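S.K.: Here is what each chain is made of, one letter per residue.
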Amino acid sequence: MSAVSASSQPILDVRSVSKRFGGVEALKGVSLQLHPGEVVALAGDNGAGKSTLTKMISGVYAADGGEIRLDGKPVSFATPEAARREGIETIYQDLALADNLSIGANIFLGREPMRRAFGFLPVLDRRAMAVAAKETMATLDFHVDRLDAPVGRFSGGQRQAVAIGRAIYWNARVILMDEPTAALGVPEQRKVISLIKMLKDQGRGVIFISHNLQDIFAVSDRIIVLLRGSLAGERRIQDTNHDEVVKLMIGG
Amino acid sequence: MVAQMSSKVLVPRKPGTPAKRWILWVAAMRAWLFLALLLIVFEIWSRLSYGTTFVLSSYNAQSITIFAVAPLLLALGETFVIIAGGIDLSVGFIMGLSAVIAALVTNKAGAVLPPFPAMLAGIAAGLGVSLVPGAVNGWLISKLKVPPFIGTLGMFGVARGAAFILASGTTVPVSNSWFAALGNGRFLGFPVIVIIAALFVLVMHYLLGQTRFGQHTYALGASEQAAVRAGIGVGRHTRKLYLLSALCAGLGGVLYTARFTAGAAQAGEPLLLDSIAAVVIGGASLFGGSGTILGTVAGSLVIAVIQYGLVFIDVEPFWQFVAVGIVIIISVLVDQTQRKFGGDR
Numbered sequence: 001m002s003a004v005s006a007s008s009q010p011i012l013d014v015r016s017v018s019k020r021f022g023g024v025e026a027l028k029g030v031s032l033q034l035h036p037g038e039v040v041a042l043a044g045d046n047g048a049g050k051s052t053l054t055k056m057i058s059g060v061y062a063a064d065g066g067e068i069r070l071d072g073k074p075v076s077f078a079t080p081e082a083a084r085r086e087g088i089e090t091i092y093q094d095l096a097l098a099d100n101l102s103i104g105a106n107i108f109l110g111r112e113p114m115r116r117a118f119g120f121l122p123v124l125d126r127r128a129m130a131v132a133a134k135e136t137m138a139t140l141d142f143h144v145d146r147l148d149a150p151v152g153r154f155s156g157g158q159r160q161a162v163a164i165g166r167a168i169y170w171n172a173r174v175i176l177m178d179e180p181t182a183a184l185g186v187p188e189q190r191k192v193i194s195l196i197k198m199l200k201d202q203g204r205g206v207i208f209i210s211h212n213l214q215d216i217f218a219v220s221d222r223i224i225v226l227l228r229g230s231l232a233g234e235r236r237i238q239d240t241n242h243d244e245v246v247k248l249m250i251g252g
Numbered sequence: 001m002v003a004q005m006s007s008k009v010l011v012p013r014k015p016g017t018p019a020k021r022w023i024l025w026v027a028a029m030r031a032w033l034f035l036a037l038l039l040i041v042f043e044i045w046s047r048l049s050y051g052t053t054f055v056l057s058s059y060n061a062q063s064i065t066i067f068a069v070a071p072l073l074l075a076l077g078e079t080f081v082i083i084a085g086g087i088d089l090s091v092g093f094i095m096g097l098s099a100v101i102a103a104l105v106t107n108k109a110g111a112v113l114p115p116f117p118a119m120l121a122g123i124a125a126g127l128g129v130s131l132v133p134g135a136v137n138g139w140l141i142s143k144l145k146v147p148p149f150i151g152t153l154g155m156f157g158v159a160r161g162a163a164f165i166l167a168s169g170t171t172v173p174v175s176n177s178w179f180a181a182l183g184n185g186r187f188l189g190f191p192v193i194v195i196i197a198a199l200f201v202l203v204m205h206y207l208l209g210q211t212r213f214g215q216h217t218y219a220l221g222a223s224e225q226a227a228v229r230a231g232i233g234v235g236r237h238t239r240k241l242y243l244l245s246a247l248c249a250g251l252g253g254v255l256y257t258a259r260f261t262a263g264a265a266q267a268g269e270p271l272l273l274d275s276i277a278a279v280v281i282g283g284a285s286l287f288g289g290s291g292t293i294l295g296t297v298a299g300s301l302v303i304a305v306i307q308y309g310l311v312f313i314d315v316e317p318f319w320q321f322v323a324v325g326i327v328i329i330i331s332v333l334v335d336q337t338q339r340k341f342g343g344d345r
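Protein chains in written order, with the UniProt record's numbering: chain A, 1 to 252; chain B, 1 to 345.
Some clues are possibly wrong.
Simulated pairs of lysine-lysine, DSSO-like, Cα-Cα distance not exceeding 30 Å [unchecked claim]:
{"no.": "1", "chain 1": "A", "residue 1": "K55", "chain 2": "A", "residue 2": "K247"}
{"no.": "2", "chain 1": "A", "residue 1": "K134", "chain 2": "A", "residue 2": "K197"}
{"no.": "3", "chain 1": "A", "residue 1": "K134", "chain 2": "B", "residue 2": "K340"}
{"no.": "4", "chain 1": "B", "residue 1": "K20", "chain 2": "A", "residue 2": "K134"}
{"no.": "5", "chain 1": "A", "residue 1": "K55", "chain 2": "B", "residue 2": "K108"}
{"no.": "6", "chain 1": "A", "residue 1": "K55", "chain 2": "A", "residue 2": "K73"}
Hints were generated in silico from the structure; no laboratory data involved. Please read these numbers as outputs of a predicted model, since none were measured by experiment.
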């Protein structure tokens, strides 16, 4: 089924997974492979099963059938935290950032480093958080002067970078992005596209859901189109064009 | 792994013009500026009208701080709850309940025990009983998804009724020399209750500013989704917040009983509004996500100075309510303007 993908061992190998919600079959045996340094776009109309598929990869839903392999080993995640521990991070559309906290505090939210003040009193290690934030954001070519500024002061694309920074700090190897460019203006969309390219250059695998064909063609290696819960088609980006993808999406 | 540093893809926004930064600084410091302004006004008024100092009188300073203790204690717990995006309307009557229980238990224990352990039993009972409504608040809000405003309003009624029933509708006098000394004694020249409150402020300042608990409180107020996805146990955290708020109110009740050597169900009745006002004047936003302990301290002092100062310059006491109300409204307006500027929160 995935004859078009490269031959190296995939990081993520989704094998014919299915999911049913009551009487609705949301996914009917869909397969997907993701290799290191590869960007796969997930396209399809509303209700095609894109979100269901990513939520199964990220541990939100359990698969009813099929299996998911990570580095060749079958895995099953009970919770998103379990998936995250294995290096699968999701960047949600709303970014899930605490706007009133600094970049460092957001990166470490829920697992803050502590130090001992006066040798006995445990306190937040803000310096360690700031240093990690600065280094992590530098790998995304994001150079921060004011590390104490709350992320709410940053623009949409910059906040997207912070969310990505949080994922890569925790060694995400597979990054799932849900409509990363949907809420942004055009210059900001370009920045996010360049961020995705950087993740690719760093050897991470990226799966991103998008409706925007321009973005898909700008950054992905492969495109997977879903239609009503089934695979409508999988193409290498250089072998296809807008028209064909649209036809796949609408089932023409 | 290392990305090329060829082009700056993203550079954060410039911090803004000096004028804008100055406005944001004023907004952030508003409680302390308010306090300074009030002290200057009362000082001038006092000198012109009576030819005496207002601020520099140690008697006045002491009266104001003692006056500020009870609303401050309620406000400290309320600060956490408000930062997390909630509200606790039950603190006033939790304080009353705690005051009544502390008095009753001290008296009962005093019949069989010496005064000191009897006092300790009373304090433990007062603090302990406050945890009951706090636990129920947290359970209603986190498990049953009752909006905090409604859940704690219900608890306001329950705690009020329980306190009056236990006190048989009257005040419960305490005869315990240790308790009286706690409430009215001095240590190194400072009133003991002020020292206790100051220590408590330090602990709360540490808790909010330097611990994971505090950090998660801010995160919860900014975005519950962000907190959930970061793996923070939001329900558990919420329950802790309302326990903390109730415990602060319980301490307020115990210190009330100590100060007046009597427990009264209505001990905290006028303090609910004052405590929320102190938090809001102190820079917290009722939308959640912002606020500090030092701001709340300043807010509590602002209210105490207004109330004491107006009496001092011989204004009819009812004007206090008007003045505090106006200060609350101004604070909320400043908060909204600050949000529009998109500044520090």
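S.K.: Which of the numbered hints above does this structure break?
M.R.: 5
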